[in-house]
Amino acid sequence: MSTGVGQGENSGTTQVRAGFAFDEGALARWMEANVSGYAGPLSVEQFKGGQSNPTYKLVTPGRSYVLRRKPPGQLLKGAHAVEREAKVLTGLEKAGFPVAHVHGLCTDDAVIGTWFYVMDMVEGRIFWDATVPDVSTDERPAYFDAMNATMAALHNVDYQAVGLGDYGKPGNYFERQIGRWSRQYHDDVEAGRDPDMDHVIDWLQANIPAGDETAIVHGDFRIDNMIFHPTEPRVLAVLDWELSTLGHPLADFAYHAMMYHMPPHIVAGLAGADLKALNIPAEEDYIAAYCARTGRASIPDYRFYVAFNFFRLAAIFHGIKGRVIRGTASSAQAETRAKLFPELARIARAQLG
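Numbering (our numbering), first residue to last: 1 to 353.
No lab work stands behind these hints: they were computed from the structure. You can take every hint at face value.
Restricting the straight-line Cα-Cα distance to at most 35 Å, the calculated cross-link-like pairs of lysine-lysine (DSBU-like) are:
no.	residue 1	residue 2
1	K94	K169
2	K70	K94
3	K339	K70
4	K169	K57
5	K70	K169
6	K57	K87
7	K87	K339
8	K339	K276
Bear in mind the structure is a predicted one, so any value in this text is a computation, not a measurement.
Put together the whole structure using the sequences plus the hints.
Have a look at this one:
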């Protein structure tokens, strides 16, 4: 996740940070054997973002690639599953959904010390500010509509047809997710407990909406996890699939629409922005556009879905806090994010009314 920092802090690359270097010669040999058209020499840089799964830019004379790996050190069970990222990217590419092409997955720790995969480097624009100040007022609605259309397209993918029928467990999504993130929160004793978080967990468990449906869900669908065309309002690739699974599409959409309630200093958000002056669609219009694209009349229980997503993001920040304490967080900004956890838990509680 590229969670909660601005462009200057989270974009671009730096030298590989202490503790995250690996045998570049071994990687080059793997690339020669597994990546069609690869031609060295190879140089490696580390992206400033991607604190959960360390992410590297692989530069060769002819082209660049991206490598994502599990972080070194002791890991929580089920976390940092780069093999799942590679699987969902491969399946979605078959559906014509905008993702980077995956060249290969390596599950041999002997190569660079952890599992990893290599994909194309997609060149384009990433917006770190949800108000997209670099886009003209007249153009802004088209960029928001492109995001909306991309999210709807994801939820309309026939996941069985593209080989993702086993990508998660269909049904009971909220019960399972609330259980999973609650356990992760409770099990991370070093990161501590929070009364707001405890209250939200109890409320969510008691208010799960009736009914269920299943789609591929991204889990972190924000404007700064998309690469747009350099000059056009068109999404070229959606990034950061580490939280993706088979799940409830309305949970995924509400996470994305959470931008309307999110303070921009936490993650790319619109809270406090003058949407009318900026020519950004109002939340109700954005919801209506998604509903039209997915064949819905409306979204009942929308408040629950938004509250659930603030809770889940708070749980993720809590996990970052734990990794900072244990010394396994790979981002230079992880400590800053960890300190935001109590504020995010307070915002989650405020959604309950």
